[in-house]
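Using the hints, position chain B against chain A.
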Amino acid sequence: MSVWIAIGVTAVGCYAVKLLGLLVPAGALERPLVRRLAALLPVALLAALTAQQTFADGQRLMLDARAAGVAAAAVALLLRAPFLLVVAAAVVVTAGVRAMGG
Amino acid sequence: MTEQTALPDAPGTGGAGAKPDAAVVRDALGVGVAVGLSGFAFGVTSAGSGLTLAQTCALSLLVFTGASQFALVGALAAGGNPLTAAAGAFFLGVRNAFYGLRLSQLLALPRAVRPFAAQWVIDETTAVALAQPTRRGVRIGFTVTGLTLYVLWNLTTLLGALGAEAIGDTDAWGLDAAGPAVFLALLAPMLKNTTERAVAALAVLLGLGLLPVLPAGVPVLVAALAAPLVLWARGRRAGDTEDGAVRGAAEGRDER
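These protein sequence lines are chains A and B, in that order.
In the working numbering, each residue carries its 1-based index in the first sequence increased by 1452.
In the working numbering, each residue carries its 1-based index in the second sequence increased by 137.
One chain only, chain A, in its complex shape (with noise of 0.2 Å):
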């Protein structure tokens, strides 16, 4: 039962915090420095998700295969490879380095 009022909770504020900012009137975002924050804030969020994602477990920073899996589709972004096969870089190195006890 702990699980679902996990799940209800998260499902209710997630959706909340989505619609929020779309209701926010338009007339508060005209301000310049606004619209800087809010093109700036999505870099921010994302490069911290990336870098959690690639370094972190649980709690603990760690440096594994996932790494040279996102490394591996850092290059192809380099490369101009399509969205896919970034994606599939990422997991097919991250797979190999392993397969090879990295």
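Be careful, since some hints might not be right.
With the C-beta cut set under 10 Å, the calculated list includes, among others, these residues of chain A facing chain B [unchecked claim]:
| hint | residue |
| --- | --- |
| 1 | Cys1466 |
| 2 | Ala1508 |
| 3 | Met1552 |
Far from chain A, some chain B residues (derived; all Cβ distances over 10 Å) [said to hold, decoys possible]:
| hint | residue |
| --- | --- |
| 4 | Pro157 |
| 5 | Gly185 |
| 6 | Gln256 |
| 7 | Leu324 |
| 8 | Ala353 |
| 9 | Arg374 |
Bear in mind the hints are in silico, worked out from the structure with no lab data behind them.
As the structure is a prediction and not an experimental result, all values here were calculated from the model.
Beta carbons: idealized from backbone N, C-alpha and C, even for Gly.
What follows is chain B alone, placed relative to chain A:
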């Protein structure tokens, strides 16, 4: 709606110089399909963490923001208190409010439509929508990405949860690298100038540096402070030079 935005409304078929609709749809499908397929990794992980099939599918249907879903099942699997686990997932989801701020300018949706569009306000739809030069493109990009991703993410979640037993160790298959690779692919096109790169670098330092010392989910929120911090630092530096204000204004216009 009377909302004013810097975005031009493209004429019906997309005027000269506008990105063709087909190109927008292709981009949106690329992201929607690739990320949608990674719902498989979530289904496997969730079922492997001890959640039932119904619980796993409910998360993808109702929460529909991958990082929060992964965070929740991770915290529950680690034996965390359900409310603490939900709080961590919620904190991660707060970033979608900032995406919504941006999207509401670009989409300019009627108020009645917003509650329905809200569930699709996530990293991927925002990234695709933001990459489009016209309002028509933004709307097509958002809708196609949202629909494709929602349908596929839920289907693959179900398949993943059903197949969890057969797959065995998802990490051995490298599926845990799919998440960060997706985020990286979304982030890369946003890093156009030094301000954006400085924000990303500071956010990485904050996100990793605070991870061991703050509760799950909170470091990402603190990392969001990189945006106002870098803007503030740039404002101070620009203030030192006479043309600072002019330069700032010019850059402000550059932003879409």
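> Going back to the hint list, which numbers does this structure go against?
Replying inline: Numbers 3, 6, 7, 8, in rising order.
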